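Protein chains in written order, with the numbering used here: chain A, 122 to 467; chain B, 122 to 467; chain C, 122 to 467.
Don't take every hint at face value.
If chains are identical, the list can't say which one is meant, so a pair holds when it fits in one copy or spans any two.
Unchecked claim - In the DSSO-like style, the derived pairs of lysine-lysine whose C-alpha atoms are separated by at most 27 Å in a straight line are: (1) 150 / 183; (2) 420 / 150; (3) 166 / 183.
Derived by calculation from the structure, the hints in this document are not laboratory data. These numbers were taken from a predicted model, which means no experiment stands behind them.
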Amino acid sequence: MEFTVGQIAEVLQGIVEGDATLRIDRLAKIEEAQAGALSFLSNLKYEPHLYTTGASAVIVSKTLILKQPSAAALIRVDDPYTSFTTLLEFYQQATRTGRRGVEEPAFIGADSVIGDNHYRGAFSYIGQNCRIGRDVVIFPQAYIGDRCVIGDGTIIYAGAKIYAETVIGARCTIHAGAVIGSDGFGFAPQPDGSYKTIPQIGNVVLEDNVSIGANATIDCATMGSTIIREGAKIDNLVQIAHNVEIGRHTVVAAQTGISGSTKIGDFCVLAGQTGIAGHLSLANRTTVTAQSGVGKSIKTEGVLLQGSPAFNLRDSLRANAIFRHLPEIERRLSDLERNSSVPEKS
Amino acid sequence: MEFTVGQIAEVLQGIVEGDATLRIDRLAKIEEAQAGALSFLSNLKYEPHLYTTGASAVIVSKTLILKQPSAAALIRVDDPYTSFTTLLEFYQQATRTGRRGVEEPAFIGADSVIGDNHYRGAFSYIGQNCRIGRDVVIFPQAYIGDRCVIGDGTIIYAGAKIYAETVIGARCTIHAGAVIGSDGFGFAPQPDGSYKTIPQIGNVVLEDNVSIGANATIDCATMGSTIIREGAKIDNLVQIAHNVEIGRHTVVAAQTGISGSTKIGDFCVLAGQTGIAGHLSLANRTTVTAQSGVGKSIKTEGVLLQGSPAFNLRDSLRANAIFRHLPEIERRLSDLERNSSVPEKS
Amino acid sequence: MEFTVGQIAEVLQGIVEGDATLRIDRLAKIEEAQAGALSFLSNLKYEPHLYTTGASAVIVSKTLILKQPSAAALIRVDDPYTSFTTLLEFYQQATRTGRRGVEEPAFIGADSVIGDNHYRGAFSYIGQNCRIGRDVVIFPQAYIGDRCVIGDGTIIYAGAKIYAETVIGARCTIHAGAVIGSDGFGFAPQPDGSYKTIPQIGNVVLEDNVSIGANATIDCATMGSTIIREGAKIDNLVQIAHNVEIGRHTVVAAQTGISGSTKIGDFCVLAGQTGIAGHLSLANRTTVTAQSGVGKSIKTEGVLLQGSPAFNLRDSLRANAIFRHLPEIERRLSDLERNSSVPEKS
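All chains, full assembly: derive it from the sequences and hints.
As structure tokens, then:
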């Protein structure tokens with residue numbers, strides 16, 4: 122795609138200073154941009170880059186007073202950051218998620234319905250008795266099992282696998298390779314030490330505006346539902362076990378694992394590679410730092426946890442600061458023992 | 122699916138108390154059940170729920186004496202838990218894994234054979250010279266490479282990827298997105314610091330009744346076989362490296378990683394996010410707690426390990442209990458030093 | 122596949138001692154080999170196995186002087202290890218990656234070009250405007266989005282998912298289920314505590330000879346590129362976030378996670394389950410041991426790190442050695458306190 126500076130200014134209702142006929146074929150950060158790129162200046166800390174950038178054009182504020190002449194064309198707008206974000210969204214839609222229609226062969230089972238203005242990529246599979254909304258984008262090789270429900274505007278990337286009876290809200294994003302609704306890891310030990318599989322007949326429910334990362338896995342409930350509440354964001358390779366509940370607008374970073382039946386509150390942040398044990402409850406606004414392991418429920422809101430096993434961040438930082446000096450501590454202790462033993466023996 | 126209470130009682134050879142014409146369309150826990158649901162009461166601790174449940178019907182013991190009248194219809198059987206489990210299994214089979222036949226387009230290569238009563242979903246792929254048993258269920262977009270062998274009754278979910286020459290036993294379950302037989306991570310360092318790929322020509326062998334979780338990865342052996350023994354259960358996102366051997370009825374929880382050539386014994390339990398270094402051997406019935414890292418072989422059976430690096434659980438719990446108080450320990454030590462130094466100086 | 126000892130000797134320009142008509146159908150380690158297998162003896166530490174091996178034939182050095190008669194046929198060559206590796210590579214190519222042609226149905230979008238001598242498996246998908254080199258092997262159900270560029274000789278295994286605009290060099294290997302180019306995990310917090318998705322419009326660039334493991338995930342840059350430099354080897358289930366850069370010939374073992382905008386130098390080794398925080402820089406030849414968590418940039422080359430949080434390996438080993446004895450340390454401290462307090466009180 123290629124636009125002129127003038128065309129972009131028109132879309133943004135901005136004013137051009139410089140050559141409006143310059144051609145733009147990509148968006149870039151002001152400090153990295155090269156010819157053909159459009160950039161923006163919002164935080165004035167970056168203003169020096171304006172005079173050295175390789176960008177063909179830069180979106181700036183209407184109120185900016187130049188300290189030097191700009192080699193790049195300028196598009197002056199009310200709010201450069203918002204204007205740039207609008208372009209980013211437009212670009213992403215144009216290049217990635219804006220496709221519509223059906224590529225054959227695509228499979229759709231009996232009694233499934235799907236709304237207008239959708240895309241179904243080649244080799245995508247929709248089972249029987251599904252109800253799928255409008256403006257839904259289903260990339261190639263995605264799998265949607267029987268009796269699933271999917272809301273308007275949801276995007277399912279290539280090869281995501283959604284087991285039967287999953288319920289997905291509106292405007293969700295499911296990235297490639299994510300698996301939603303696989304069996305909970307439930308096995309009943311037998312007298313001989315072997316295990317009998319406990320049938321898992323529940324499902325997964327994602328509310329609206331949920332995002333699920335690439336190759337993440339979310340198990341169905343044994344009975345009932347594993348639930349990801351509105352606006353929660355789940356990163357790549359996260360594991361969410363059976364009957365877990367993730368609260369509204371909670372963020373779970375990559376490679377974190379949450380064990381069965383645990384409930385995470387609203388507005389929580391779980392950093393990368395965190396582990397949460399089963400059957401716990403974390404209060405709203407709990408924050409867990411990277412690689413921590415939480416083994417107890419948290420009842421107070423707003424707690425920061427660190428460590429494996431995790432406790433409050435401040436104490437954990439202090440304990441870790443001393444951990445490094447354990448050899449020195451041991452030496453000091455030995456010195457004291459030597460000194461104190463002398464009088465005893467004497 | 123919908124059945125009447127009477128129909129379900131007949132299947133279970135139970136006796137109905139109450140309205141046998143009530144319609145049941147799902148199974149639920151007694152404390153969560155609502156109208157239309159069938160539940161069960163086995164552990165008498167839950168008996169109070171019997172009198173308040175929203176379930177339309179509850180399976181109870183023939184010997185149960187009611188303390189109050191039950192609003193729900195009752196189905197009286199000899200063993201409520203077993204009866205309910207039977208229904209769970211029936212339900213899972215009816216809704217998930219009971220499909221039979223071939224959905225086109227499905228690919229099967231030259232000289233491959235597959236037994237009776239199987240399902241091959243649309244866009245599933247079977248390579249050349251495969252021998253696949255009867256009652257096998259292969260979901261859409263699953264991949265089975267050349268010369269694979271798969272036993273009777275095995276279920277392969279959507280998009281699981283099985284490399285050439287893998288051998289899978291009977292009644293195994295491979296969940297969506299699992300990858301079995303990818304190359305071992307073997308590279309020979311060269312004088313210039315780069316790496317030369319060591320060809321990986323071994324395979325993976327899963328014995329009978331093995332379960333592999335969603336998006337788990339199991340590498341083939343460099344030569345010979347990576348082996349998962351009978352009845353082992355591997356959870357989501359687990360990594361099993363080349364030439365590893367997992368013992369019979371061993372359970373490996375989510376996001377655990379096992380490095381190359383390590384042998385895990387029978388009846389072991391590796392909790393979530395555990396790491397086991399390469400070329401080790403863990404005795405039968407070893408238990409490793411979550412997020413632990415095992416760097417040494419374990420020769421004694423029945424050991425419990427914790428920590429990274431891991432040592433025995435009891436000592437690890439004690440060391441962790443004191444770890445939290447390291448700042449206090451340091452302060453006590455400083456106090457002693459101050460006290461002990463006074464006499465020295467005086 | 123089956124060859125005679127004589128045929129193999131001819132390929133390797135070796136000399137047969139023993140029965141050149143014996144049939145070989147597999148390769149195996151000398152200590153595990155059975156009838157029908159060909160093995161090799163390079164390290165003379167293994168020489169005793171030569172006289173007891175079940176192999177039908179063994180590749181040995183021209184200069185080897187037998188201490189006993191060999192039951193196996195011998196193929197004498199200049200360098201047994203190199204000869205055997207040649208056979209391994211030949212075997213892997215013959216059985217796995219040597220397939221050519223197109224299996225239908227396979228999808229290729231408008232204006233995409235692909236070079237000679239390629240394989241496209243059934244249900245593989247190539248988007249629009251892709252430029253793909255020669256000798257490329259694309260397994261079934263692989264997905265390649267629009268405007269991707271892929272170099273000569275690259276192998277993409279079953280079900281790997283490559284988002285639009287990814288650039289992949291020559292002779293790369295992408296294992297099954299890997300996801301390349303998924304959205305970076307970028308969300309702008311809103312005043313009400315919810316998150317707004319930041320569009321991710323960058324891409325991923327893999328240089329030549331890069332290997333990506335099964336079910337690994339590599340996110341695209343927010344703007345610009347996430348870059349994996351020449352010869353880097355990425356293991357299974359690794360997570361690489363947006364705008365990360367991995368240096369030349371760096372090795373990243375399974376289940377490691379690297380957070381956004383971090384730059385890893387050349388010739389580094391990150392062991393399994395390691396975590397690297399965001400916006401850091403690790404110097405060339407940094408080594409991080411398994412399960413460690415790196416929270417600070419490393420400016421000196423060749424540093425070894427361990428622990429979570431990580432510090433230098435030697436100090437970490439010492440601190441861990443004492444950590445186990447913390448209960449004893451506490452007891453010693455209490456003893457001293459008891460002793461020292463007596464005089465105070467007296």
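Here is how each hint holds up against the structure:
no.	hint	verdict
1	150 / 183	within (20 Å within a copy, 62 Å between copies)
2	420 / 150	between (43 Å within a copy, 26 Å between copies)
3	166 / 183	within (17 Å within a copy, 71 Å between copies)
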